[in-house]
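S.K.: Listed below are the residues making up each chain.
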Amino acid sequence: MKYLLTIHMNPAAFDVLSEDDRNAVMAGHEAFIAELRESGEMAGTIALAEPSNSKTVRVREGAQTVTDGPYIEAKEWLAGFYVVDCDTPERAAELAARIPDAKFSAIEVRPVMFDGGMEM
Amino acid sequence: VTTGTRVEHLLRPLAPQVLGALVRRYGHFGACEDAVQEALLAAAVQWPDEGVPESPRGWLITVASRRLTDELRREGARRRREDAAAAQVPADEQLAPPPGDGAAGDRDDTLVLLFLCCHPELTAASRIALTLRAVGGLTTEEIARAFLVPEATMAQRISRAKARVKAAGGAFDAPPEPERAERLQAVLHVLYLIFNEGYTASSGADLQRAELTSEALRLTRTLHGLLPDDGEVAGLLALMLLTDARRPARSAPDGRLIPLGEQDRSLWNAASIEEGSALIGSALERSVLGPYQLQAAIAAVHAESPRAEETDWPQIAGLYELLARIAPNPMVTLNQAVALAMVAGPRAGLGLLSSLDGDERMDRHHRLHAVRAHLLEMAGDAAEARASYRTAARLTLSLPEQRYLEARAARLAGADH
Chain A
1 MKYLLTIHMN PAAFDVLSED DRNAVMAGHE AFIAELRESG EMAGTIALAE
51 PSNSKTVRVR EGAQTVTDGP YIEAKEWLAG FYVVDCDTPE RAAELAARIP
101 DAKFSAIEVR PVMFDGGMEM
Chain B
1 VTTGTRVEHL LRPLAPQVLG ALVRRYGHFG ACEDAVQEAL LAAAVQWPDE
51 GVPESPRGWL ITVASRRLTD ELRREGARRR REDAAAAQVP ADEQLAPPPG
101 DGAAGDRDDT LVLLFLCCHP ELTAASRIAL TLRAVGGLTT EEIARAFLVP
151 EATMAQRISR AKARVKAAGG AFDAPPEPER AERLQAVLHV LYLIFNEGYT
201 ASSGADLQRA ELTSEALRLT RTLHGLLPDD GEVAGLLALM LLTDARRPAR
251 SAPDGRLIPL GEQDRSLWNA ASIEEGSALI GSALERSVLG PYQLQAAIAA
301 VHAESPRAEE TDWPQIAGLY ELLARIAPNP MVTLNQAVAL AMVAGPRAGL
351 GLLSSLDGDE RMDRHHRLHA VRAHLLEMAG DAAEARASYR TAARLTLSLP
401 EQRYLEARAA RLAGADH
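Chains as they are written, first to last, in this note's numbering: chain A, 1 to 120; chain B, 1 to 417.
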């Protein structure tokens, strides 16, 4: 079963961290990635640029517009994600708790929908 | 058919036999697997040109044993502490294939390998991966694609599983009698999971996953060949055949799921139904009753009725009642409720469903809400049915199923006006 673990970054909380703490977060990701690879549960990961780099695209009546900035202005933003493939939802939550950002931001755990189903 | 394809067909069932034989003799699971892969590769290259040897299995065992010996010696030289391993390796002249090629020995070897891959120390995901790799002979890349994970992840999962089996004590023989039945259960469960993983994937969109179904069928057929008198092995094979027979009818060309009651039964695979029904019929006569046999018997009752309206629901309800008695679980209760509703009316089915109230895990499971919606619809309670369909649609993790459930809800919304 695959789960998407999204990291919802709280910049206010991150900014007050000491340099050492921030370095520990970065090192923590490396360690976490190594751990996932080692356990055979890694299905993918991506780190995202800060939302001020975003562009938002809309198509209205066939015409496309591109505006600078994120779709939703919010205090917290999506900083990246992991996709893990593990046996139980409990294990997914356990893995989420090992993401270093869990200490000052929040990690959302969402099951991945799959393209199949039992006939009913 | 080219010679190359013929060789490939020949090699596939031989691979687990050769690996089993080597593992049994030397015990180094990982090293044995590498050696067998090399021997298979050598065969795939040489046999089409030079002809298939008289004893293909003996040839493979000899070549793989040599590779393994070389490898272990090299390791031994490289690392002196490998002395013990090197001492285990018999001299080359002892590596001649055993007499009576194709006799009892190779059968046991495949079985031993299956037992090993379903070692209790492994997680379900690892058992599945290892079984497909070592017994099924699928490549790591194929397995990774079938389970939609990166190849490196699958490779790691497999090598970890091998290491775990080794660390667990490396009992490379079939487990002793008291554990044997339990281990066979684990093997059946793994084969069942592989089948489901393939079967629940929508057809067409992902042929790789459909291959899992045929692989599970092939492995279960092999197991049935090894243990022809085991009723549960026969039951599982019958269940797979009878379920797989519906494949051509279970999804529309646009990928939409078609429920059992609405399937065009003329599309069902008659040969699979015939084989599955015969298998389960004789198993029920001869063997101790078990859950796979009962599920196969239920599938056979469905398969034998030419139209959904002619389904023998009293018999199905009776079989579910038996199943609930020998292997009680909430999923069985759900199916039992549907059967009961068909026999005694939707309110009776809903009554049985209420026995699951308060079960927190079930409350979050879409299937409970889907069944409740179905029974409420049968009972004419459109508003409640619609709400339950919507809840089920929100909870399901399957796209085609969500589509189906939303369509049912929408259909009832239309009935209001």
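A hint or two may mislead.
As the list claims (entries may be wrong) - Examples of chain B residues lying across from chain A (beta carbon under 8 Å, computed): (1) 119; (2) 120; (3) 137; (4) 140; (5) 149; (6) 156; (7) 157; (8) 163; (9) 167; (10) 287; (11) 394; (12) 397; (13) 399.
It is worth saying that the hints were derived from the structure and are not from the lab.
The model shown is predicted, which means the values in this text are computed figures rather than measured ones.
We treat Cβ as the ideally placed atom computed from N, Cα and C, and that holds for glycine.
S.K.: Each hint should be assessed against the structure and marked as holding or not.
M.R.: Outcome of the hint check:
1. 119: violated, 16 Å
2. 120: violated, 15 Å
3. 137: Result: violated, 20 Å to nearest chain A Cβ.
4. 140: violated, 11 Å
5. 149: At about 5 Å, which falls below the 8 Å cut-off, the nearest Cβ of chain A leaves the hint on residue 149 of chain B intact, so it holds.
6. 156: Status holds, d = 4 Å.
7. 157: Where the cut-off is 8 Å and the nearest Cβ of chain A is about 3 Å from residue 157 of chain B, the hint holds.
8. 163: violated, 11 Å
9. 167: violated, 15 Å
10. 287: violated, 27 Å
11. 394: Given a least distance of 11 Å, the restraint on residue 394 of chain B is violated.
12. 397: holds, 5 Å
13. 399: holds, 5 Å
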